[in-house]
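Got chain A sorted already, so can you dock chain B onto it with the hints?
Protein sequences, first through last, are from chains A and B.
Numbering (our numbering) for the first sequence: 9 to 120.
Numbering (our numbering) for the second sequence: 742 to 856.
Heads up, none of these hints are tricks.
Simulated pairs of lysine-lysine, DSS-like, Cα-Cα distance not exceeding 30 Å: (1) A:86 <-> A:66; (2) A:67 <-> A:50; (3) A:66 <-> B:844; (4) A:66 <-> A:77; (5) A:77 <-> B:844; (6) A:65 <-> A:50; (7) B:755 <-> A:50; (8) A:77 <-> A:65; (9) A:65 <-> A:86; (10) A:50 <-> B:844; (11) B:844 <-> A:86; (12) A:65 <-> B:844; (13) B:750 <-> B:844; (14) A:86 <-> A:50; (15) B:750 <-> A:50; (16) A:50 <-> A:66; (17) B:844 <-> A:67.
Footprint (simulated), chain B over chain A, 3 or more residues, beta carbon under 8 Å: (18) 37 to 46; (19) 105 to 112.
If you only want the chain B side, here are some residues facing chain A, beta carbon under 10 Å, derived: (20) 747; (21) 799; (22) 833.
Please keep in mind that the hints were generated in silico from the structure rather than gathered at the bench.
Since this is a predicted model, take the numbers as computed values, not measurements.
Built from N, CA and C at the ideal position, the CB exists for glycine as well.
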Amino acid sequence: ILNVEQSPQSLHVQEGDSTNFTCSFPSSNFYALHWYRWETAKSPEALFVMTLNGDEKKKGRISATLNTKEGYSYLYIKGSQPEDSATYLCAPISGSARQLTFGSGTQLTVLP
Amino acid sequence: NAGVTQTPKFQVLKTGQSMTLQCAQDMNHEYMSWYRQDPGMGLRLIHYSVGAGITDQGEVPNGYNVSRSTTEDFPLRLLSAAPSQTSVYFCASSPGTGGRGEKLFFGSGTQLSVL
Numbered sequence: 009i010l011n012v013e014q015s016p017q018s019l020h021v022q023e024g025d026s027t028n029f030t031c032s033f034p035s036s037n038f039y040a041l042h043w044y045r046w047e048t049a050k051s052p053e054a055l056f057v058m059t060l061n062g063d064e065k066k067k068g069r070i071s072a073t074l075n076t077k078e079g080y081s082y083l084y085i086k087g088s089q090p091e092d093s094a095t096y097l098c099a100p101i102s103g104s105a106r107q108l109t110f111g112s113g114t115q116l117t118v119l120p
Numbered sequence: 742n743a744g745v746t747q748t749p750k751f752q753v754l755k756t757g758q759s760m761t762l763q764c765a766q767d768m769n770h771e772y773m774s775w776y777r778q779d780p781g782m783g784l785r786l787i788h789y790s791v792g793a794g795i796t797d798q799g800e801v802p803n804g805y806n807v808s809r810s811t812t813e814d815f816p817l818r819l820l821s822a823a824p825s826q827t828s829v830y831f832c833a834s835s836p837g838t839g840g841r842g843e844k845l846f847f848g849s850g851t852q853l854s855v856l
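Chain A extracted, bound-state conformation (with noise of 0.2 Å):
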């Protein structure tokens, strides 16, 4: 079973805030790591996926980076407002395993 961590496991900012989170995955064998929004009462849908080490996505407000070299991602939002409110999660292809594996997320609230 992969060993994916994702920190912190929830989190509360303020309307207007900036905030980060990481998700750690065996760095050998890479392929692809994938970040997915996760609103309550609704379904996973994709943010980004990355493939390459260096990569940097960009969605509006919501940022990612990847290190694969060293085995982690971080997900920005930058000026976070209260419809960000979700969990998010990450999932890499790595390590020995060949199929997606989620992180058990991060839950983000965001306070007006």
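Relative to chain A, chain B alone:
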């Protein structure tokens, strides 16, 4: 735009009963998969398929069967339901396994309770 369609949305079973969770996609995706989501845990892979006629086990396959007779459909069968199978189940599809940048598209989920 149907995408990935899962049925039913909710189901209550008694221990020992069997049922099938249905999943269909209209995007001509080769890859389909089933996940379960339990409190405090990430999505865990039950079974997956890389194409019609091909299935394989994921992380937590015990108690579940799958088949893939067509590209569109990937049903998940519980042969003899147990309380430990109480969970939320998600079906997902993708053009590939995700290793080359293909993202997953998820269905709306099935909330299953086994009494």
